[in-house]
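What follows is each chain in one-letter form.
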Amino acid sequence: MAGEVNGKTAIRILLVDDEEEFVTTLSERMEMRGFDASVAFDGQKALETLKTRVPDVMVLDLRMPGIDGMEVLERVKKTNPEAQVIILTGHGSYKDEEQARRLGAFDYLQKPVGVDTLVKSIQKAYQQKIESAYAAEPSDESQR
Amino acid sequence: MNQETEKTLAFFGRMTANLTHEFKNILAIIQESAGLMEDIMAISPLAKDKYQERFNNSMNTIKNQLQRGMEMASRFNRFAHSPDHNSAELELGETMVHFCTLTERFARLKHITLQADSQNGQEIKITTNPLLLYMVLFYSLDACLSVLPAQCEIRLISAKKDENAAVEIACTGKQAPSPEQFFTGLRQSNAWGELENTAEQLNAELKCNTDDLRFYLILK
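Chain order of the listed sequences is D and R. Here our numbering is used: the first residue of the first sequence is 1, the next is one more, and so on. Here our numbering is used: the first residue of the second sequence is 145, the next is one more, and so on.
Isolated chain D (complex conformation) (with noise of 0.2 angstroms):
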């Protein structure tokens, strides 16, 4: 569900990475976007945060002490399936990134990314999201 910045609605985003200087400036930056941005600095603090507050839009790393981000994209499909992920690593496999687009994964993006780049990205995943949610309701018709 999308939040609220200065009484607007604003897109919800999670930010997580374990380089914590990088997720805390570009939170800033999102911010100032219009984005109603939090941070998490690793991936069980991820899976923490969800429980309480789930982004329409996830950037995720993928290389993170203990939980790595390819278990969290793949725990929050099963759990939270209508949030987005976006993975933004400096790991530029292209088996990861095939699997993260096999787990679900909205855009693979590769460290450092314009900010404008990310957020094209973020925008178009939370604009699915919203046609997944129209898509997923009943119509009229299946209601009679």
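Honestly, I wouldn't trust all of these hints.
[Claimed, not checked] Calculated cross-link-like contacts (lysine-lysine; reagent style DSBU-like; alpha-carbon spacing at most 35 angstroms):
{"no.": "1", "chain 1": "R", "residue 1": "Lys-351", "chain 2": "R", "residue 2": "Lys-305"}
{"no.": "2", "chain 1": "D", "residue 1": "Lys-77", "chain 2": "R", "residue 2": "Lys-168"}
{"no.": "3", "chain 1": "R", "residue 1": "Lys-192", "chain 2": "D", "residue 2": "Lys-45"}
{"no.": "4", "chain 1": "D", "residue 1": "Lys-78", "chain 2": "R", "residue 2": "Lys-254"}
{"no.": "5", "chain 1": "R", "residue 1": "Lys-318", "chain 2": "D", "residue 2": "Lys-45"}
{"no.": "6", "chain 1": "D", "residue 1": "Lys-120", "chain 2": "R", "residue 2": "Lys-168"}
{"no.": "7", "chain 1": "D", "residue 1": "Lys-124", "chain 2": "R", "residue 2": "Lys-364"}
{"no.": "8", "chain 1": "R", "residue 1": "Lys-207", "chain 2": "D", "residue 2": "Lys-120"}
{"no.": "9", "chain 1": "R", "residue 1": "Lys-192", "chain 2": "D", "residue 2": "Lys-120"}
{"no.": "10", "chain 1": "D", "residue 1": "Lys-95", "chain 2": "R", "residue 2": "Lys-254"}
{"no.": "11", "chain 1": "D", "residue 1": "Lys-129", "chain 2": "R", "residue 2": "Lys-168"}
{"no.": "12", "chain 1": "R", "residue 1": "Lys-192", "chain 2": "R", "residue 2": "Lys-151"}
{"no.": "13", "chain 1": "D", "residue 1": "Lys-78", "chain 2": "R", "residue 2": "Lys-168"}
{"no.": "14", "chain 1": "R", "residue 1": "Lys-168", "chain 2": "D", "residue 2": "Lys-95"}
{"no.": "15", "chain 1": "D", "residue 1": "Lys-77", "chain 2": "D", "residue 2": "Lys-129"}
{"no.": "16", "chain 1": "R", "residue 1": "Lys-254", "chain 2": "D", "residue 2": "Lys-45"}
{"no.": "17", "chain 1": "D", "residue 1": "Lys-95", "chain 2": "R", "residue 2": "Lys-151"}
{"no.": "18", "chain 1": "D", "residue 1": "Lys-124", "chain 2": "R", "residue 2": "Lys-192"}
{"no.": "19", "chain 1": "R", "residue 1": "Lys-194", "chain 2": "D", "residue 2": "Lys-120"}
{"no.": "20", "chain 1": "D", "residue 1": "Lys-45", "chain 2": "R", "residue 2": "Lys-194"}
{"no.": "21", "chain 1": "R", "residue 1": "Lys-305", "chain 2": "R", "residue 2": "Lys-254"}
{"no.": "22", "chain 1": "R", "residue 1": "Lys-269", "chain 2": "R", "residue 2": "Lys-192"}
{"no.": "23", "chain 1": "D", "residue 1": "Lys-51", "chain 2": "R", "residue 2": "Lys-168"}
{"no.": "24", "chain 1": "R", "residue 1": "Lys-168", "chain 2": "R", "residue 2": "Lys-207"}
{"no.": "25", "chain 1": "D", "residue 1": "Lys-77", "chain 2": "R", "residue 2": "Lys-254"}
{"no.": "26", "chain 1": "D", "residue 1": "Lys-129", "chain 2": "R", "residue 2": "Lys-254"}
{"no.": "27", "chain 1": "R", "residue 1": "Lys-254", "chain 2": "D", "residue 2": "Lys-51"}
{"no.": "28", "chain 1": "R", "residue 1": "Lys-351", "chain 2": "R", "residue 2": "Lys-168"}
[Claimed, not checked] Not close to chain D: a few residues of chain R, all C-beta gaps over 12 angstroms, as computed:
{"no.": "29", "residue": "Ser-218"}
{"no.": "30", "residue": "Ile-301"}
{"no.": "31", "residue": "Ala-314"}
I should point out that these hints are in silico values taken from the structure, not numbers from a laboratory. Glycine included, every Cβ here is placed at the ideal spot set by N, Cα and C.
With the hints as your guide, set chain R onto chain D.
Only chain R this time, still in chain D's reference frame:
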């Protein structure tokens, strides 16, 4: 491609992927910090005063990351030159520090601490094959990481053992396995087989101390 070349390429591949990952993180932090400064300036030129502290923080972050990047690049460059000569003179303690800086991320991902140390702080000069030395250190680390749980510590200590230069690999930790479990796990790992083969090529002896979690690479 013969088996030795394949093994060397696989080793270089893992090291390079790990280090370029670190570089990408550094570049991403610099990019976001510079981007934040640009965002602040774009609000209004006056915004710089309001956000002065954040602005200064971003500037410091950029400087620190540049330092981190330059150190990493120098170490990576030195590592990349390791196959240039079959034999070179090295200071063992300095080589341990160098190796640990390059591979610290492998340990960090498992919540394990990796540290270089030297016995009594003594300088130990050796003449050896630099590439093979890096490879035996890498396989030693890889084998330890495959059996140790989180919160353990691995220390690579440059030492003298029976008049020979040696690397002592010492593992500790509250949750660490018993010596028996540790050495059984090591011997079952793929890295241990590679370690034995490469140690032989380097003319190094592998000696296990089964009283605790410690083994030695004795360089002859």
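task = Could you check the structure against the hints above and give me the numbers of any it violates, in ascending order?
result = 7, 12, 22 and 28
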